[in-house]
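Participant: Now for the letters of each chain:
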Amino acid sequence: MITADHLTRRYGDFTAVGNVTFEARPGLVTGFLGPNGAGKSTTMRMLCGLTPVTSGTAHVLGMPFRELTNPGRRVGVLLDASAQHAGRTGREALTVSAMLMGVGRRRVTEVLDLVGLTPKEADRRVRGYSLGMRQRLGIANALLGEPEVLILDEPANGLDPAGIRWMRDLLRDFVRSGGTVLLSSHLLHEVEKVADEIVVIGNGRIVAQGSTEFLLSHSQRSLEDLFLDLTADVSRDAAAPATHESTRENAR
Amino acid sequence: MTAIPFTRLTLVEWRKQLDTRAGLWLLISIALITAAVLAVMAFIGEGATSFEALYFGTSTPIGLLLPVVGILAATSEWSQRTGLITFTLEPRRTRVGLAKLVAALGSGIAFFAVAVALAAVFHLAVVAFTDARAAWEISAGALWGGLLLTVIYMAQGVAFGALIQNTAGAIVAFFALPTSFSLVGSLVGGLRDVMPWIDLGTATEPLLFDAGAMTGEQWAHVATSSAIWLLLPLTLGLIRIARSEIKSA
Numbered sequence: 001m002i003t004a005d006h007l008t009r010r011y012g013d014f015t016a017v018g019n020v021t022f023e024a025r026p027g028l029v030t031g032f033l034g035p036n037g038a039g040k041s042t043t044m045r046m047l048c049g050l051t052p053v054t055s056g057t058a059h060v061l062g063m064p065f066r067e068l069t070n071p072g073r074r075v076g077v078l079l080d081a082s083a084q085h086a087g088r089t090g091r092e093a094l095t096v097s098a099m100l101m102g103v104g105r106r107r108v109t110e111v112l113d114l115v116g117l118t119p120k121e122a123d124r125r126v127r128g129y130s131l132g133m134r135q136r137l138g139i140a141n142a143l144l145g146e147p148e149v150l151i152l153d154e155p156a157n158g159l160d161p162a163g164i165r166w167m168r169d170l171l172r173d174f175v176r177s178g179g180t181v182l183l184s185s186h187l188l189h190e191v192e193k194v195a196d197e198i199v200v201i202g203n204g205r206i207v208a209q210g211s212t213e214f215l216l217s218h219s220q221r222s223l224e225d226l227f228l229d230l231t232a233d234v235s236r237d238a239a240a241p242a243t244h245e246s247t248r249e250n251a252r
Numbered sequence: 253m254t255a256i257p258f259t260r261l262t263l264v265e266w267r268k269q270l271d272t273r274a275g276l277w278l279l280i281s282i283a284l285i286t287a288a289v290l291a292v293m294a295f296i297g298e299g300a301t302s303f304e305a306l307y308f309g310t311s312t313p314i315g316l317l318l319p320v321v322g323i324l325a326a327t328s329e330w331s332q333r334t335g336l337i338t339f340t341l342e343p344r345r346t347r348v349g350l351a352k353l354v355a356a357l358g359s360g361i362a363f364f365a366v367a368v369a370l371a372a373v374f375h376l377a378v379v380a381f382t383d384a385r386a387a388w389e390i391s392a393g394a395l396w397g398g399l400l401l402t403v404i405y406m407a408q409g410v411a412f413g414a415l416i417q418n419t420a421g422a423i424v425a426f427f428a429l430p431t432s433f434s435l436v437g438s439l440v441g442g443l444r445d446v447m448p449w450i451d452l453g454t455a456t457e458p459l460l461f462d463a464g465a466m467t468g469e470q471w472a473h474v475a476t477s478s479a480i481w482l483l484l485p486l487t488l489g490l491i492r493i494a495r496s497e498i499k500s501a
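Top line first, the protein sequences correspond to chains A and B. Just so you know, the working numbering puts 139 at position 139 of the first sequence, and the rest follows in order with no gaps. Position in the second sequence (first residue = 1) + 252 = the working numbering.
So that you can see chain B by itself, here it is in the shape it has in the complex (with noise of 0.2 Å):
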């Protein structure tokens, strides 16, 4: 019998994401909260209309709410107890577990993808209802950067799901710890210049407005932070699910 292909893998832990109402309902939601977002900048605020505004009014509620997906796709198997079956149809579980990566990364793109679908509708909307000029100029490395940043907290919240492994537990960690570290350094004096180098949300700031202007050392600020919030608990988290022991309670 032929090993099974990492591909096969990745489709069906997609699949998994998508098959059930709540997490069908998740991902309506954020978009749905996303195209909410946009109404309030487009026909409410002032000024803030041009696609550029609304491109980047879509990365809070992204920011926010996608990584819940990946946090959920790695830690269904222990909240809805299918990593019975699911580790004995494939028991290479880092496999499993990378496909899960994989595959949360594909929805958190694609989900890129409809935000900035959403940002030219209402701008198109703003434009033909309002007075508002068009104005759809938006520098590339504003693009990738916003993509870049979705992967990385997509990952982020696939790798505190593989750790935690208990879906209540890794989102308020998802969220408090980076958030608590974040004060604290504001408030640590002799940690304020390092902050950079160690917290993934001082060092990705720049990546949403242009990733192309951004220096060397701002890349290498998002590389340090990215292995301190996303390599380590990833790792940590594929060897966790690979060594824990796999039960129905």
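So here's chain A without its partners, still in its complex pose (with noise of 0.2 Å):
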């Protein structure tokens, strides 16, 4: 269970995010979507404790993020798949954070296989790494410790479609068994394939939020159509605010 309650995050006047508010439950794939720049990361990094919050309140699994003791055994999060030490190999990466969260090295070489890299390429320093590589090793950090819970930023980006199609695969799993999901993307379609429930912002605030099937057919058309209309409403129109209110009452 993730629950942000008016988060806000204030740069002098810029305002990244602005009183977001939604829960990511057990069992669902909540899909938290919106354009670059719309605040996504910043809600995403203040809901893991690494970025102080303006007001509002983040909690995961019914606690702010830094009062979890040993987090990596209950949330696996990924943020930025290209934040590793160049210098390391990917098994070294994920050998580092296992001896941190207290698991074995076993482990290390199960989610290896689990995320498809081969033990060569593990054995390969991150410098030399694709995209879709870092993403892999992202995931496989994430996953490491057996968490309940998974937040992951735009881990379908630099993915070829077996990829993300294997990812929608291993996150539907990973619900199936009760663990919650909050993934942010601005791949509208892969969304749309892989969340159960939506969460859409844009220039810092909700502009829309329900479930999947609500979102697609009370617009009657593509979630993106939706999508780009209600991220380019947000710019225009300072009342956005209640679209969020009132799309949120009928989606229940």
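It is worth saying that the hints were derived from the structure and are not from the lab. Every clue listed holds true.
Among the chain B residues that face chain A by a calculated CB cut under 10 Å, a handful are:
(1) 273
(2) 340
(3) 343
(4) 495
(5) 496
Below, a list of computed lysine to aspartate or glutamate pairs in the DMTMM-like style, where the Cα atoms sit at most 20 Å apart:
(6) B:499 x A:80
(7) A:120 x B:271
(8) A:120 x A:110
(9) A:193 x A:160
Quick reminder that beta carbons are idealized off the backbone N, C-alpha and C, glycines included.
Got two chains here, separate frames each, mind docking them using the hints?
Facilitator: See the structure below:
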């Protein structure tokens, strides 16, 4: 379970995230959808206790992330696949995380296998990895501690179509066994296919949220049109949060 | 879920200092440079071939280069952007900072032992290959004074790295600030008397030669100047690590 309650982050006069309220529940994939710069990453960093909140609260598994002890065993996080030490091998990067969490080395081999990085690839330095390989390494790192919750920022970036398909299956399996997934994306078709619930964010504010089914049937158009309308809307129209409220009511 | 034990955190931070080519080669390079300095002293220089003289010879490369290991231990979370992972796996960031400090001090102490061993090896070589006579006398105070000096400079490196969070900036500040401070102190007449109290370089000078023979006032110099150049930046650095925003770019 992930809960964001009136989450706000301001940088000087600029509101990167304003009054964002949503839930990601167990057993569901929640898609966090928005164009670049909409505030997705800032929100996710606030959920993980990396970015201090200006106001509002963020809870993961019922408490602020920073109060979790050994959070790697409960929450798998991938915020930026490129944020790895270029000079470490993929296997070494995972070994460092595994040691910290206190899971055995065997688990490193298991997750490498799970994300489809071969032993040879795992022993290469991250410097030489493609973005797709870095994403797989990042997902392996998130899965290492056998968590109940996954928080993934743009995990599909750089994956080839087969990789995207693979990740979709992986996330569906994960929630089927009771896990919670929050994943962000600007790839609308991908979110549409994998998410049970969608939260749409534009210019730091939530512009729509509800079940994928509802958001699709409500607009009678593709989610892409809805998404583009909503995000275009918010830049012109300051009254957008009203849209969000009404959409939200209807979704229940 | 039980909290991550501090020893585990420290061992992981130690591993992170050594598990890249850059980190490992930095230490190997410092050892090679130290050996090169000793080789010059032992076989090219005149007279300074006793174990004690060679041991003193290691202090310059150690004092100059080893703190960079401490600086890198602290700044790499930012320069390599690994902070996103590190601080989500252990959100108690002050513990991570302290683990980095302890791990860096561990490297410092290990390296000090390597330097003493190198000095001994070169002294043996000098005795074997030249007509110099064996001279192993050294005061215990010189040894543990040197160890304390290594620990102080290593901790100072971590402190500057934690405070500045940028490798190049931290290295420049680490070398330029104390040096220019000493320079100003030597030029401004009124400062000359108080310099041992506020300048770490001046205060720690007697440590290396014989810490056992130091007066109470000299120890007080070490304490006050360490408070200014080590404890203050370390405290501010830990506060900065705990409060700052961890971003990937």
